[in-house]
Amino acid sequence: MDQGALKKMAADAAVEYVKDGQIVGLGTGSTLRYVVAKLGERVKKGLRIRGVATSLETARLAREAGIPLLADDAEWGVDLALDGADQVDPRLNLIKGGGGALLKEKIVAAAAARFVVVVDESKRVTVLGGSFPLPVEVVPFGWRTLAKRLDRFDCRVAPRMNDGALFVSEAGHYILDLWFPKIDDPARLETELEKTPGVVCTGLFVGRADLAVVATQQGIVTLTRP
Numbered sequence: 109m110d111q112g113a114l115k116k117m118a119a120d121a122a123v124e125y126v127k128d129g130q131i132v133g134l135g136t137g138s139t140l141r142y143v144v145a146k147l148g149e150r151v152k153k154g155l156r157i158r159g160v161a162t163s164l165e166t167a168r169l170a171r172e173a174g175i176p177l178l179a180d181d182a183e184w185g186v187d188l189a190l191d192g193a194d195q196v197d198p199r200l201n202l203i204k205g206g207g208g209a210l211l212k213e214k215i216v217a218a219a220a221a222r223f224v225v226v227v228d229e230s231k232r233v234t235v236l237g238g239s240f241p242l243p244v245e246v247v248p249f250g251w252r253t254l255a256k257r258l259d260r261f262d263c264r265v266a267p268r269m270n271d272g273a274l275f276v277s278e279a280g281h282y283i284l285d286l287w288f289p290k291i292d293d294p295a296r297l298e299t300e301l302e303k304t305p306g307v308v309c310t311g312l313f314v315g316r317a318d319l320a321v322v323a324t325q326q327g328i329v330t331l332t333r334p
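Just so you know, we're using our numbering here: the sequence shown kicks off at 109 and counts up by one.
Heads up, some of the hints might be wrong.
Simulated pairs of lysine-lysine, DSS-like, Cα-Cα distance not exceeding 27 Å [what the hints assert, rightly or not]:
| no. | residue 1 | residue 2 |
| --- | --- | --- |
| 1 | 127 | 153 |
| 2 | 146 | 116 |
| 3 | 127 | 116 |
| 4 | 146 | 127 |
| 5 | 290 | 256 |
| 6 | 152 | 116 |
| 7 | 303 | 256 |
| 8 | 290 | 303 |
| 9 | 127 | 152 |
| 10 | 116 | 153 |
I should point out that these hints are in silico values taken from the structure, not numbers from a laboratory.
All chains should be modelled from the sequences, with the hints used to inform the complete structure.
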């Protein structure tokens, strides 16, 4: 199977965790396109849910699929959040934010009673870092100075670009991609980065995922946080 087929397989399996009447957090990214489409099919068959979208793109897809959405400023208690990841380690620590929606994704994951990660087998790693950067969302004010300060974490810092200009998140922030050879202590790094003035949030999701639904060539593998 190609990667698209694996993503669809993972999405189909993950959507089975959604129950009638729930408020469902909807992440952002290529795998979540399949999740939203499958949820839309179930809604058309009578499933009653309300969604909380983590990006304008996800909101558009959800509306097209017929999934009712709660307003961003509503007081929502999320029963279940479904989202992808760029990397997943054996303890279900994650790197997320490759699509630039990490702030809203982190807010929804933190609000969720249960957080299920939906990935294909290519996203599983022994140690976070290496082949994929850690996104760090920062305020525009003083970002160049902040980028230099982040050098102390022994990483390569690169501002994310989009068509030759700085990438701007939906919240109006910039993203710095931090390249680490490996991240040995994700919890410590997340804490240290997020207490740095100017940092809004990081793409490290440590101790947040309850379950990972992983599509492999041999079928679905379900992982729980140890």
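The hints, checked one at a time:
The hinted pair formed by residue 127 and residue 153 meets the criterion: a straight-line CA distance of about 13 Å does not exceed 27 Å. With a C-alpha separation of about 9 Å, the suggested pair residue 146 and residue 116 falls inside the 27 Å cut-off, and the hint holds. With a C-alpha separation of about 19 Å, the suggested pair residue 127 and residue 116 falls inside the 27 Å cut-off, and the hint holds. Simply put, residue 146 and residue 127 have alpha-carbon atoms about 14 Å apart, close enough for the 27 Å limit, and the pair holds.
For the proposed pair residue 290 and residue 256, the alpha carbon gap of about 20 Å is at most 27 Å, so the pair holds. Between residue 152 and residue 116 the CA atoms are separated by roughly 19 Å; this keeps the pair inside 27 Å, and the hint holds. A hinted pair counts as satisfied when its Cα atoms are at most 27 Å apart, and residue 303 with residue 256 qualifies at roughly 16 Å. With a C-alpha separation of about 21 Å, the suggested pair residue 290 and residue 303 falls inside the 27 Å cut-off, and the hint holds.
For the hint linking residue 127 to residue 152, the alpha-carbon distance of about 14 Å falls within 27 Å, and the restraint holds. Among the hinted pairs, residue 116 with residue 153 is consistent with the structure: their alpha-carbon atoms are about 19 Å apart, no more than 27 Å.
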